[in-house]
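Could you put the whole structure together from the sequences, leaning on the hints where they help?
Each chain, letter by letter, is given below.
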Amino acid sequence: MAAQTVRVVLKAKVESRFFRAYLDDKRIRFENGEASRSLEPGGRDYVLTWFIRDAPGTKYGIQIAEPEQAKMTHTATLDESGKDAGIFWFKV
Amino acid sequence: MKAQRAAVLLASLGVLLVPAGRGLARDSNNTDAETRKTAYSGIIGARMVDPSLTSAVSPPGLAVLLTTDRKDRRAAAKIGLRLGDDFFADLRFSVPFGDPQDEAEPITLDGLARSAAVDLGIHYLAWNPKLDVDEAKAIRDEFLVRNPRVKNFVLSLNGLKGEPDLRRRLLAAIRWRAAFFAALRTKVGRQDFTYSDRSFRSFSAQKTNASLEAAAGALFPELGYIGFSWEIQRFYEAGEAADLILPFQGGPVQQVKRVVMGPPARRTRNRLQVEYRSPILPWLAVNPRASYFPKENIVLLELPVYFFRSPEEGLNGGVDILWTSKGQGRFGLALFIGSAFSLTPD
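So the sequences go chain by chain: F and L. If you read the first sequence in our numbering, its first letter stands for residue 1, the second for the next number, and so on. If you read the second sequence in our numbering, its first letter stands for residue 1, the second for the next number, and so on.
Derived by calculation from the structure, the hints in this document are not laboratory data. Hints should not be assumed to be uniformly reliable.
[To be verified] As a list, the in silico DSSO-like pairs of lysine-lysine whose alpha-carbon atoms are at most 30 Å apart:
hint : chain 1 : residue 1 : chain 2 : residue 2
1    : L       : K161      : L       : K295
2    : F       : K13       : F       : K59
3    : L       : K161      : F       : K71
4    : L       : K187      : F       : K11
5    : L       : K130      : F       : K91
Below is the structure:
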């Protein structure tokens with residue numbers, strides 16, 4: 001019997017070519033700003049990481065839209081360093 | 001690249017750039033410019049980072065460039081598309097509207113500068129940064145101890161501005177790694193010529209010019225971008241012009257008439273180029289380039305310096321100082337205004 005999974009929907013709004021997002025070290029490839037994964041529920045933490053380098057003032061955002069218990073939204077504008085990176089732990 | 005040079009050589013420059021794209025967090029007081037940007041959402045990029053529309057590696061974007069240099073007048077437009085996470089393509093159109101048979105050769109030795117041209121580029125980018133998750137978890141825990149009221153915390157560099165020591169720790173936990181680029185460009189253009197034969201009969205001809213360019217480079221986290229390119233051009237060059245004194249309508253009056261004697265000649269040219277890009281200060285960035293034309297044994301040095309700054313886009317213009325070894329040596333100076341300086345030639 002196949003293990004039950006939970007569909008996780010991720011969204012990104014970013015134009016920079018220097019943007020990367022990973023879920024547990026696996027690259028997330030966004031299609032039209034959206035990607036999804038089927039994850040096994042349980043006690044473990046999943047790790048979402050992202051990186052961006054671009055001109056100061058560049059705006060970007062990343063979001064977990066589903067499921068409800070993992071929802072998050074992160075938006076930022078790059079400061080004069082031209083860099084940002086982040087990490088978010090979640091359970092499903 | 002070449003447009004910063006071609007933009008204006010000690011002459012006036014007129015540039016119209018239309019950046020377009022989408023943003024995430026919009027201010028409540030959106031301007032018309034912001035509205036225009038969002039109109040292109042999903043199709044093209046957020047901004048233009050190649051004021052000259054000539055870089056070998058280009059981002060998604062839509063732009064129109066208009067220069068008014070007396071000897072190198074042209075209009076250009078570009079559209080770029082993201083073909084996947086790592087592949088990009090762009091298409092450029094340029095139309096010269098100066099004298100196509102002007103004898104003055106562009107200082108950049110671009111054989112296609114006087115062609116109405118279509119230019120297609122495909123680019124690839126590889127980049128794989130990493131974050132030390134265990135160290136990040138320790139930083140998060142430390143932050144939550146200091147800020148016990150914070151819920152649903154997202155750890156990010158931007159979010160740690162109020163905790164500079166933790167921000168430094170997080171920055172140290174990130175391995176940005178080098179990013180690698182590759183690009184291939186091909187350009188095809190048509191150029192009109194008018195010339196006379198030995199019996200002073202006038203002829204018109206249209207010739208096809210073409211070029212192929214391969215480029216590659218790497219962006220190193222602490223050093224900046226260094227790139228190489230090789231371009232081969234095949235183009236036609238007008239014959240030499242001469243001032244002839246001819247009788248006017250068979251009468252006693254004479255006229256001076258400037259004619260090009262003989263048909264255009266086909267030429268090939270190779271160019272090897274190395275370039276470097278780096279911000280020096282928040283208000284200053286440089287993009288030095290050195291080109292070598294082996295067939296003619298000519299060197300071209302260019303030094304674009306970015307120091308014009310817009311509040312929204314950052315560094316978006318400056319001056320380009322040029323020198324070529326051709327002849328006795330020749331200097332040029334160009335002004336360029338576009339959008340933001342980028343670490344890569346996009």
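Evaluated hints:
no. : hint               : result
1   : L/K161 with L/K295 : 55 Å, violated
2   : F/K13 with F/K59   : 9 Å, holds
3   : L/K161 with F/K71  : 23 Å, holds
4   : L/K187 with F/K11  : 37 Å, violated
5   : L/K130 with F/K91  : 21 Å, holds
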